[in-house]
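All chains should be built: construct the whole structure from the sequences, respecting the hints.
In order, the protein sequence lines correspond to chains A and B. Residue numbering for the first sequence follows the numbering used here, starting at 1 and increasing by one per position. Residue numbering for the second sequence follows the numbering used here, starting at 1 and increasing by one per position.
Just so you know, the hints here were simulated from the structure itself, not pulled from any lab data. Note that the coordinates shown come from a computational prediction; the quantities given were computed from them, not determined experimentally. Backbone N, C-alpha and C fix where the C-beta goes; we use that ideal spot for every residue, glycine too. Check the hints yourself; a few may be wrong.
Covered stretches of chain A (chain B as the covering partner; in silico rule of three or more C-beta atoms under 8 Å from a C-beta of chain B) [stated by the list, open to error]: (1) 143-155; (2) 200-213; (3) 417-430.
Cut-off 35 Å, straight-line C-alpha distance, at most; resulting in silico cross-link-like pairs (DSBU-like, lysine-lysine) [said to hold, decoys possible]: (4) A:Lys-25 x B:Lys-334; (5) B:Lys-959 x B:Lys-334; (6) B:Lys-559 x B:Lys-633; (7) A:Lys-24 x B:Lys-544; (8) A:Lys-321 x A:Lys-395; (9) A:Lys-25 x B:Lys-127; (10) B:Lys-114 x B:Lys-959; (11) B:Lys-261 x B:Lys-127; (12) B:Lys-908 x A:Lys-307; (13) A:Lys-25 x B:Lys-544; (14) B:Lys-717 x A:Lys-24; (15) A:Lys-25 x B:Lys-979; (16) A:Lys-24 x B:Lys-612; (17) A:Lys-24 x B:Lys-373.
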Amino acid sequence: MKKILYQAAVAALLSTSLLTACNKKLDVDPVDNIDASTALATSADVEAAMVGAYTGIQNVDAYGGYFQLTSDLLADNGDIAFVGTFIPPNQFQRKVILRDNGFVQTMWLNAYNTVNRVNSVLGAIDRLDTPGKQARIEGEAKFVRSLLYFDLVRLFGKAWNDGNPQSNPGVPLVLTPTTVISAASQVSRNTVAEVYTQVIADLTTAENLLPGSNGFFANKYAAAALLARVYLQQGNYPAAAAAANRALQVPGGALVPSYADEFTSNNDLLGNTSEDLFAIQVTAQSGRNELNTFYSASRRGDVEIQKQLLDQFEKGDTRAKLFRTLSGVVYTTKYDVLYGNIKLLRLAEMYLTRAEANFRAGTSVGASPLSDINRIRERAGLPALTTLTLPAVLKERKLELLFEGFSLHDLKRTQGSTSPPNMPTEVIPFSSNQLVLPIPLREINANPNLVQNPGY
Amino acid sequence: MRKNYLLPLMGSLLVATTAVGQTRAVSGRVTDAGGSGLPGVTVLEKGTSNGTSTGTDGSFTLSVPAGATLVISSIGFETQSVLVGNRTNLPVTLRSNATELGEAVVVGYGSQSKADLTGSVVQLGSKEVANVALPSFEQAIQGKAAGVFIESGSGKLGQGIRVRVRGVSSISGDNQPLYVVDGIPVVSDNLSSTSAATNPISDINPNDIASISILKDAAASAIYGSRATNGVVLITTKRGQQGGTRFTVGYQTGRSEPTRKREFLNAEEYRTLLTEALQNFGSSAASIDARLTRYAAGQADYATNGVDTNWQNETFQKGRFSQYDISASGGNEKTKFFFSGQYSDNNGILVGNRYQRINTRFNLDNQATDRLKLGLNIGLSRSDNQRLPNDNAFSSPMQIVALAPITPFIDPRSGLLSGVLDPSTGQPNSTYPFYYNPLISVRNGNYLTTSYRVLGNAYAQFRLLPGLMFNSQLGTDIINQDENQFLGRVTARNTGPTNGFGFNAATTSARVVVNNFLAFDKVLNELHTLDFTLGTSYEATQIKSNSVTGSQFASDSYKTLVSAAQITAGATNQTENTLVSYFGRASYNYAGKYLAGLSARLDGSSRFGVNKRYGFFPAASAGWLISEESFLKDNAVLSMLKIRGSIGRTGNQGFANFASRALYSGTSGYVGIPGQRPLQLASPDLTWETTTQTDVGLEYGFLQGRISGEVDLYLKKTTGLALSQPVPGTSGFATLFKNVGNMENRGIELSLTTRNIEGPFNWTTSVNAARNRNRVTKLDGPPILGNFLNRAQEGQPLGVFVGPEYAGVDPANGNALYYLNTTDTNGNLNRSTTANSNEAELVPLGNPNPTWTGGLTNTFSFKGFDLTATLVGVFGNKVFDGGAQFYSTGFNNGPDNQTRDQLNRWQKPGDITNVPRAEYFGGNGIALSSQFVRNGSYGRLRTATLGYNIPVAVAQRAKLQSARVFVQGLNLLTFTDYKGWDPEVSTDYLAGNSNPTTGVTNTQGNINQGIDFYTAPQPRTYTIGVTLGF
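Quick look at the structure:
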């Protein structure tokens, strides 16, 4: 009996000893990801986090394509036809957006996700080991943040020139990194004016802090260019002309000789050119050019170009060569490069902005409006104009910046109107609720403090 | 110490040797009431582990000491005890009884007799799953266990299968039961690199399964603690029995076809309706003609050239099925073995879909000494799954139905499959047909998932004292999965003009399980039966994977990534989790009448947050065998009556590893420059979901068990749901994983078996039905939106469809209308209508969960013939026809071919119809609304098998012990109102579970229920087979 008890004890001991050893086994650390508390420990960590923010704007939900496509489809009045099977862009083109539109949700979520990346960088800015790095990274962070807020407020809020921006709801301004979800996370919408004020303040800081040359990351001139775009949207023409003029001072900057050189290449990559102030970088390994996916006939070919658009080109306009016909249907070849960089701020826009702002303000900051417009026309292979009118400026701007995401914002700025493709006689004015995106349904559900836009 | 150990061992060896000296051989044959030999019946010398099982003809031989009693048992039959006496030949006839009390039921870490059971357990035998022409055994038990809902989701082979025991208990976590094979919890996680899940459980050869126990209530399952809420499926594989080596070989072959095709417009109807839709859009006659000509491969005579392509027919094929089985088993009183091998080859009903599997199994038991028993179970398998793209991919074969019937199958301009070559460019067409032709990918690409699996365990049982056994088990489950995808140049329109595309991923999932437990049983004064189990368990699972993606191949002949000139992506991933557990069970039985049970498990999991590392899961149960009381004993009518009840707590930890930690991800590099970003917020209190389950059961038998059955009522209350809760996206995060919210499942389960006719002609009927009512009772936050209309919403069943309510068509203009359903300040409902779906209130539109599920199995036998037919029923569920927004909207979403019901569209003012005006890209009636919510109830003749056992005398002339031929049909008949392909549906790309390696979390898989999105129907399969024993 004693032996038996002994054996039982051995067995019991065996089991318990197996167990005590096991408790430590519960401490398993992740391998693929790292603990947030150690992620921003060093200067290099914060720099890497800033790079992560660029990846956020590279996303298809932002400047990888959706921001531009949304703007161009919403404003379109029959220049193009979206024939793809994706429902969200179809709704944009019809100007009948349902509150559960998938693009609307992912654009919102990705933009704020990236804002949080930027805010995390700014929250750890003191960890950068030199003042130079600190200035550069703060400048880049504020550039990226204002880029996003400027597009968010233009897509989800009423236009600056539509009613009172001091009271019109814009989008919530979140300026600090999120570490916990609390009642404070249920933010309210700031006014359109508050968002613009923040954007201008951030960009002004960025322009001051950023170096003149910074690889393909944001530099001083990119910040000035974006500032010019903001001022133009506000109708602040002197400030727009001045900012555009500052952007045009970029060392080595010049329009490429041929318009096609800016958008086409003989391989599947398209790099930055002397004309680019800021572009989204795409390679076979990083990012996706969603404009290629939607526009290119070698991909989905979802956007068919209509005669109405082609008829707007003057004879001899080399920009009209960036179209091709397949089985009787016309497609743009502007985005045929599979891994092409996506041009966000280029000198041509700055010439056009400086020209328009000067024209409207009656000034000639940097150059006369006519010479700026003719510089664009000359590159397009068109004869120089001798006199200038506002419609001529706007037409040049439209054809130069086609499919680059300007349509909706220029339509609102110029108080134009549009109509749905199947109802060409119906007029949708620039101030229509149909041209403002709904706050995503999931966001309204998650945050009772958010007020939905009218019409949704 | 070593010495001490060995002495008693040697002593017992001596005892054993003496015992052997006094034995003699007894042989016999076990038959059923009709006189047919019963194979696989367990013949055991009472009180020992000395036993054998009958051969294919029912015969057995066993050496026993004089005066021994044999216990003869088999699932589905009453157990008999036979005193051997002086006889050497024992004929035994077993009476069938589905609720036999003596039947041994496999439970967690042991087995119990059915009579002593105080929990709710369904046990199914090997014949329920053997030789069914399906890749995975779960599909074969559909409709056979009350309260166990099984849904295949799609007719694609090897895909994930939903198994729901007593409803869904989790919103963001796993809802599949825990699978335990021969005592080892196995990996059932989805390891697919696509968002469509595969099913690792299909690596198990159904013909190796001896029994399946499904633990449903807390009394039965709580011993599995933090993984038990969704039920536990215990699989026991076949073991060798004493006696001469017996061989079985089997062969089965058959054909399959889709259960249903959907009706689409033919060429003439398409032309007519599209022309009308284009006219309504405002297109000119010339542009309509140009468009139709384009669709018709540039053939201007499209109206008369007779082209009428039925694209749907091109995507289906006649499936072929064949399966080869061999097994051998036998042994002596010390060593027994079971060996099996299987090869099956299943060509699906969709072109390009094939599932092949080869399995071997080796199970060995050795009675080393009187006290020590050792054994080994090893299952090896290799499966080759030729997969198809996800349902939502343009290249998914089913999406071919979108193509126009006026588009020729062969493009007359190139003489090739439409879309392969544009002679004007020399490249594949990029805009013709108007969508990518998925057959191009089928013919010029493949996606092969090869999975090698080793499922093995070694065990030792050591008898420490009489009645006290120490059990030790060491198990491993190793999966090596290789995924290989190649897409040739002609697929450029879908993959991009990259001169071919290749993807390869290798995943290794390795799990180690160590179980150690003591089992003790003792009978005191012949009245008190005590049973204790106490043990520990440790589990560690590590998953590692790597993948490479590349393009730019010199030609399509080069298919491996070594020839990819451009590597576009590469990754390695690693993740791990551990579980440390202590468990115990005590059961007490007084006089075979009064039963009580207690069980508990303490689980520590690496997945839980630092503040909540250990969870405790107790359960208590009691039972009363009323029919054993003197006042009922020997009652002629009521032969058995038992009531039982249980209450207990179980958990669910089926969520991502490291979900509790605040993490940064380094995956956001930017064109070669390293980058990082915040990935998720901390949730330090994250822990298991807790379910408290109450169960009351009644087991009954009348007329010596000719009528028998069970009734169970249960209530499962889940609290602290591990919820991927939506948070304001402005925070930079979309969700936070934390324990909030409650859910409830309540239901009733009924099962009834009647032996209608006994004798030479036998007829047995088994019917079961279950009703489950699921409610999300609390969310503490916003509703969680699924991909279409599904939601998790407080007060509603999980996955409820919520959206605008369709109100039909405005007779004046053909616009689709929706009810406003707004409530004014007085609480009055506004039932007026609007054409703008944004104005309509979002209201509950239907429940994707069935209210009733059940099955009816009839078995007939006469002489050597037997016929078994199982009818399954699923009632009260709704299906969302997700593709209808494209193919049932009168071209309002593009040129996709339309279903024939669109011919009833509104055409002119005054038309009364439910189908809105057709208008090309008009957006009329495309809102996701109740218009596309359909009744998904169905009844289905799931299996029907007719077999013939050749008389033993005839078989023996051919030197065979037995021979059986059978014909079988699967899904022969379907009864439903659903007009789509198949009401048994859940589109693969949304219903998939998370993949633990890649960290791709699909926390919405449980919400996205009942969605049809170009989802393939189940196959209707006919097979013929033969099984020979010798």
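Quickly compare the C-alpha distance for Lys-25 (chain A) and Lys-334 (chain B) to 35 Å and report which way the hint goes.
violated (38 Å)
Cut-off 8 Å, C-beta pairs, minimum 3 residues; does the coverage of the stretch 143-155 of chain A by chain B stand?
Our answer is that it is violated, as 0 residues pass the Cβ test (under 8 Å) against chain B, missing three.
If you draw a straight line from the CA of Lys-114 (chain B) to the CA of Lys-959 (chain B), is it 35 Å or shorter?
violated (39 Å)
Restraint check for Lys-559 (chain B) with Lys-633 (chain B), where alpha carbons must lie at most 35 Å apart
violated (74 Å)
Given the hinted pair Lys-321 (chain A) and Lys-395 (chain A), is their Cα-Cα distance within 35 Å?
Distance of about 17 Å is within 35 Å: holds.
Given the hint that Lys-261 (chain B) pairs with Lys-127 (chain B), test it: the Cα-Cα distance must not exceed 35 Å.
holds (32 Å)
35 Å limit on alpha-carbon distance, applied to hinted pair Lys-717 (chain B) and Lys-24 (chain A):
holds (32 Å)
Taking only the CA atoms, is the gap from Lys-25 (chain A) to Lys-979 (chain B) under or equal to 35 Å?
violated (54 Å)
Holds or violated: are the alpha carbons of Lys-959 (chain B) and Lys-334 (chain B) at most 35 Å from each other?
Since the Cα atoms of Lys-959 (chain B) and Lys-334 (chain B) sit roughly 28 Å apart, the hinted pair holds (cutoff 35 Å).
Between the stretch 417-430 of chain A and chain B, are there enough contacts, at least three residues with CB-CB distance under 8 Å, for the coverage claim to hold?
Coverage by chain B holds here, the residue count being 3 at a Cβ distance below 8 Å.
For the stretch 200-213 of chain A, do at least 3 residues have a Cβ located nearer than 8 Å to some Cβ of chain B?
violated (count 0)
Are Lys-25 (chain A) and Lys-127 (chain B) close enough, with their CA atoms no more than 35 Å apart?
Outside the cut-off at roughly 42 Å; violated.
Going down the numbered hints, you'll see the structure goes against 1, 2, 4, 6, 9, 10 and 15, while the others check out.
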